[in-house]
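Participant: Per the UniProt record's numbering, residue 1 is the first one in the sequence shown, and the count goes up by one each step.
Do not rely on the hints blindly, as some may be mistaken.
Stated by the list, open to error - Ranges between beta-carbon positions, derived for each pair: (1) VAL105 to THR4: 28 to 34 Å; (2) GLU115 to GLU83: 30 to 36 Å; (3) ASP56 to GLY139: 38 to 44 Å; (4) GLY38 to GLY71: 33 to 39 Å; (5) GLU118 to SER87: 22 to 28 Å; (6) ASP35 to LEU65: 43 to 49 Å; (7) GLY107 to SER6: 33 to 39 Å.
Simulated from the structure, these hints should not be mistaken for lab results.
These figures come from a predicted structure and were not determined experimentally.
Glycine residues also receive a C-beta, built at the ideal position from the N, C-alpha and C atoms.
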Amino acid sequence: MFITDSLRTQVDRYLQAIEMRSRWLAGLTTSSGSDDPGRVWAAERALHVAVECVTDAANLVIDALVMRDPGGYVDIVRVLMEEGVVSRDWFQRFEPMLRLRERLVHGYVDLQPDEVMEAAVQFGPLFNEYVAALRQYLGIKDARPPQD
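Let's have the full structure, built from the sequences with the hints guiding it.
Facilitator: What follows is the structure in structure tokens.
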């Protein structure tokens, strides 16, 4: 298969959604609101949606380019690493975020506010690296500015 303009457009919609959340996460620090439940809940949601967008965009690429079928969330992004879309270094740094996703979705009652804020600071910048890697791989040059 090959990369089409339709694929680029579909993937870039997810990448723009990631960028919006990443910009918001960039404003957080580990001490910038762990005592503010609304801020913690917003960080949880931003992390969750951003990671879902990562895997949704990855699945589009995997399906369109007939890469191997992944076996789960971590494996979805691992396929992109194996195919040279993202670096091994980036994958290793981002893999804990994929594991945190499970807790954001199913173990949220046990998440501590400090954990959420630390994850936002740690993983927030990695979302931008992912966006850049996918855009480069797919040849997405003139991305529209993300809509806030």
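Participant: Against the structure shown, which of the earlier numbered hints fail to hold, in ascending order?
Facilitator: The structure breaks only hint 3.
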